[in-house]
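Single-letter residue listing:
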Amino acid sequence: MSGTIPGYGQEEPTESSAVQSLTELMGPNPAKTEWTDAAGRAKVARPVVPLQSLEKVAQELTASPNNLARVGGRSLKIRLMTYRALKEKSK
Amino acid sequence: MKLNGIEIEDDPIKNADRLNDIAELGLENPEVDDELQALATEAAKALGLPIGVVSIVLDEAQWFVAMHGVEGWVAEAGGTPVEWSFCRNVVRNEAEFVVENAIEHDIMQDSPLVQMEGLRCYAGIPLVSSKGYCIGSFCVKGTEPKEFTEDELAQLRAFADKAIERIESRRKVSV
Chain E
1 MSGTIPGYGQ EEPTESSAVQ SLTELMGPNP AKTEWTDAAG RAKVARPVVP
51 LQSLEKVAQE LTASPNNLAR VGGRSLKIRL MTYRALKEKS K
Chain U
1 MKLNGIEIED DPIKNADRLN DIAELGLENP EVDDELQALA TEAAKALGLP
51 IGVVSIVLDE AQWFVAMHGV EGWVAEAGGT PVEWSFCRNV VRNEAEFVVE
101 NAIEHDIMQD SPLVQMEGLR CYAGIPLVSS KGYCIGSFCV KGTEPKEFTE
151 DELAQLRAFA DKAIERIESR RKVSV
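Protein chains in written order, with the numbering used here: chain E, 1 to 91; chain U, 1 to 175.
Just to be clear, a hint being listed does not mean it is correct.
Here are some, though not all, of the chain E residues that point toward chain U, as calculated from beta-carbon distances under 10 Å [as the list claims (entries may be wrong)]: (1) Y8; (2) P28; (3) S75.
Hints in this document: simulated from the structure, not taken from any laboratory. Keep in mind it's a predicted model, so treat the numbers as computed, not measured. Glycine included, every Cβ here is placed at the ideal spot set by N, Cα and C.
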């Protein structure tokens, strides 16, 4: 299931949008490194597609020693959980 | 690039130093902080509103580290996308933000929290850290329009003072 939530306008988060957000937060190279490391710790396949897998990566980011990665991970986690909950609600 | 008329690089919400400061506060601890929780509850009750929140404004989400009266998907997610939030206006302007009737408010009327979730009134006080960054908002909300009196805002400021004091005490413990 993908797309935008009716009435809320929230687009489905993707690996690409998540990495872009991290890049805006900390720059391209640190973002790429943090994402790759978090995906490895989460033991998810790349590219990361299912929302559940993205949530696992976001959770790993919230435990990163890097301050900005933790902030970005928390943001991503809230946005993913919002999307998933609203998607369920709209069914 | 501009977002809501503000250059992103000038947007306090995206300020890396502010976000670093938030990260250093140790708020990731999954335990609900009883003291912050109690403040959120007391504030809502004192102002006769259903919702009280300690909201930390991150780069792309608002994160509720303590909440009273928040239910459904917002409680499940522990916050919302930042572009929907009332609290981003507190951080962006580093100032109190009061909305008496959101459906008639230029900035907030299109937010899904207004259109879909029915929020109508809001009062938020800046939470300013010891390093001088506005990290979020101590706020109350309701589903009916409301005029906030100066006495009510003074009460809210007192709750916000206690909240930031508690948050800073957690920083000291976590360092």
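Against the structure, the hints:
no., hint, verdict
1, Y8, "4 Å, holds"
2, P28, "15 Å, violated"
3, S75, "4 Å, holds"
The structure shown violates just one earlier hint, number 2.
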